[in-house]
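Trainee: I would like the entire structure built from these sequences, with the hints used as guidance.
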Amino acid sequence: MTREFAIVWAHRDRLLEGLANTIWLCVLATILALVIAGPITVALMSANRPLRAVARGFVDAMRCVPFLLLAYIVYYGLPSLGIRFNNWSAGLCALVTYNAAYMAEILRGAWASLPREHVDAGHAFGFSGARLYWRIILPPVVMACVPVIGNQMIQIIKDSAFLTIIAVPELTHEASAIQSMYYVPFAAFVAAVALYWLLCRIVETLVAAVERRAEATR
Amino acid sequence: MASAAATRTSEPAAAAAERPVLEVQGVWKKFGEHDVLIDVSLSVRKGQTICILGPSGSGKSTLLRCLNWLERPDHGHIFLSGQRIGYRAGSELPMTPAELAPIRARIGMVFQHFNLWPHLTVMGNLIEAPIWVQSRPRGEVVAEAEVLLDKIGLREKADVYPARLSGGQKQRVAIARALAMRPAVLLFDEATSALDPELVGEVLAVMEDLAKAGMTMVVVTHEMSFAQDAADEIVFLDHGRVVEVASPEKFFREPDTERARQFLQRYGATTRRAFRDGA
Chain A
1 MTREFAIVWA HRDRLLEGLA NTIWLCVLAT ILALVIAGPI TVALMSANRP LRAVARGFVD
61 AMRCVPFLLL AYIVYYGLPS LGIRFNNWSA GLCALVTYNA AYMAEILRGA WASLPREHVD
121 AGHAFGFSGA RLYWRIILPP VVMACVPVIG NQMIQIIKDS AFLTIIAVPE LTHEASAIQS
181 MYYVPFAAFV AAVALYWLLC RIVETLVAAV ERRAEATR
Chain B
1001 MASAAATRTS EPAAAAAERP VLEVQGVWKK FGEHDVLIDV SLSVRKGQTI CILGPSGSGK
1061 STLLRCLNWL ERPDHGHIFL SGQRIGYRAG SELPMTPAEL APIRARIGMV FQHFNLWPHL
1121 TVMGNLIEAP IWVQSRPRGE VVAEAEVLLD KIGLREKADV YPARLSGGQK QRVAIARALA
1181 MRPAVLLFDE ATSALDPELV GEVLAVMEDL AKAGMTMVVV THEMSFAQDA ADEIVFLDHG
1241 RVVEVASPEK FFREPDTERA RQFLQRYGAT TRRAFRDGA
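In order, the protein sequence lines correspond to chains A and B.
Residues 1 to 218 in my numbering are what the first sequence spells out, letter by letter.
Residues 1001 to 1279 in my numbering are what the second sequence spells out, letter by letter.
Simulated from the structure, these hints should not be mistaken for lab results.
Computed from a prediction, not measured in an experiment: that's the story for all the values here.
Any given hint could be a false lead.
The calculated label-pair distances, taken between Cβ atoms and stated as ranges, are [said to hold, decoys possible]:
(1) A:129 - B:1091: 19 to 29 Å
(2) B:1142 - A:85: 47 to 57 Å
(3) A:205 - B:1083: 53 to 63 Å
(4) A:47 - B:1182: 29 to 39 Å
(5) A:139 - B:1137: 19 to 29 Å
(6) B:1092 - A:116: 24 to 34 Å
(7) A:119 - B:1205: 29 to 39 Å
No residue lacks a Cβ here, since even glycine has one placed at the ideal position from N, Cα and C.
Mentor: See below:
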């Protein structure tokens, strides 16, 4: 057993490279998913019925599709429609699309529970349209969502492990490569689990720090 | 009516000074089958403080919310300094929210539940709309906000979030926030009703100072003593109708209508005080 871990340790640079790829893939996916969730949330809250229906359809569809299938469709399915991604961009695209729907649903919930008076005050002081959204609605909504967005980021980190099946060189993929090369499955996968755990702890710590700041406004 | 609005804007300055800051003409509002406002008219001249009194459910708050189009009247017209609110000049086309915004920015509003923005500090609340809606330079807005905070005695709270303030402090900040817009008129929607009794006084004191300083104000309130001391005119509303318009002296001593008398009797202490002062 010690020998197995020694082999994994000898190839730690590969694991760390996988970890670095996972980190930046997930950070980018979280940011992009949030950015795309913004307009989807506006559509979900819109008075325009067709717009609302389209947004609702997208969100519900994403929530019913297993992530693994979505990754397969983006990487293996879309080329038959003439849309071709490399494995990196296919992985990122799948992560962003899938999680934008969840983020939109999170933001919509917080927006819907924003007191009517809060928005009334915005209208009364002359805010409207995009300015109302950016300055008055979005900041408290995001503040209220920080813990849930943190949770979703942890979900993104875990979902990113699926991307090994489309050969994205992330943490699980590298652990898998080490184990198949030297047949050390237990040590390689346990090492990867420890690194995922570490990553999630860091996210939780960051979220708690932001939460403490948000606490001053409650 | 729309063409009348168009000619009003080209009046000479002297006539403009006489013109009401706020004019309400025949406003009706229904919620479902229920008539909330019935043919309400009133006019507010520069520097006047109008108190709107009436029993709960008489339509006072709805009337106030119609004044800045937070509620849209079903019929009737509302003019701010001669400009018709809610409809484009010379037409019956409703204004878009973006077109309404600059008009609303000239009507300050103080809400019953303060409605401060919780994600902004006290200073942030004061400067948000002047910077983002009125596009005024930040330095000037901040300097003016500091003066306002001094006036309400909360300068040291500038960097505090509203959640850390008492109700009375929140409402004073809400008043300063409205003043920071340099409004033509200030609307108060039961500004002291949500406060603990011991905090009512500090807010009323700020409101009385404003009235004395010549601010144009429309005040919906249940504070009879404030209405007596600070109002230039009382508008008494019952079941959505303006039942009586009178000076506070007349209204509190010898109201014309039976309904106003009954209303005042329910606020016995205040009425007794009026009789005592008159004796």
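Trainee: State for each hint whether it applies.
Mentor: Hint check results:
1. A:129 - B:1091: 19 to 29 Å: Hint holds: Cβ distance 21 Å, inside 19 to 29 Å.
2. B:1142 - A:85: 47 to 57 Å: The hinted range 47 to 57 Å holds for residue 1142 (chain B) and residue 85 (chain A), with Cβ atoms some 49 Å apart.
3. A:205 - B:1083: 53 to 63 Å: For residue 205 (chain A) and residue 1083 (chain B) the Cβ distance comes to about 55 Å; the hint holds.
4. A:47 - B:1182: 29 to 39 Å: holds (32 Å)
5. A:139 - B:1137: 19 to 29 Å: Cβ of residue 139 (chain A) to Cβ of residue 1137 (chain B): about 22 Å, so the range 19 to 29 Å holds.
6. B:1092 - A:116: 24 to 34 Å: holds (28 Å)
7. A:119 - B:1205: 29 to 39 Å: holds (30 Å)
Checked against the numbered hints given earlier, the structure satisfies every one of them.
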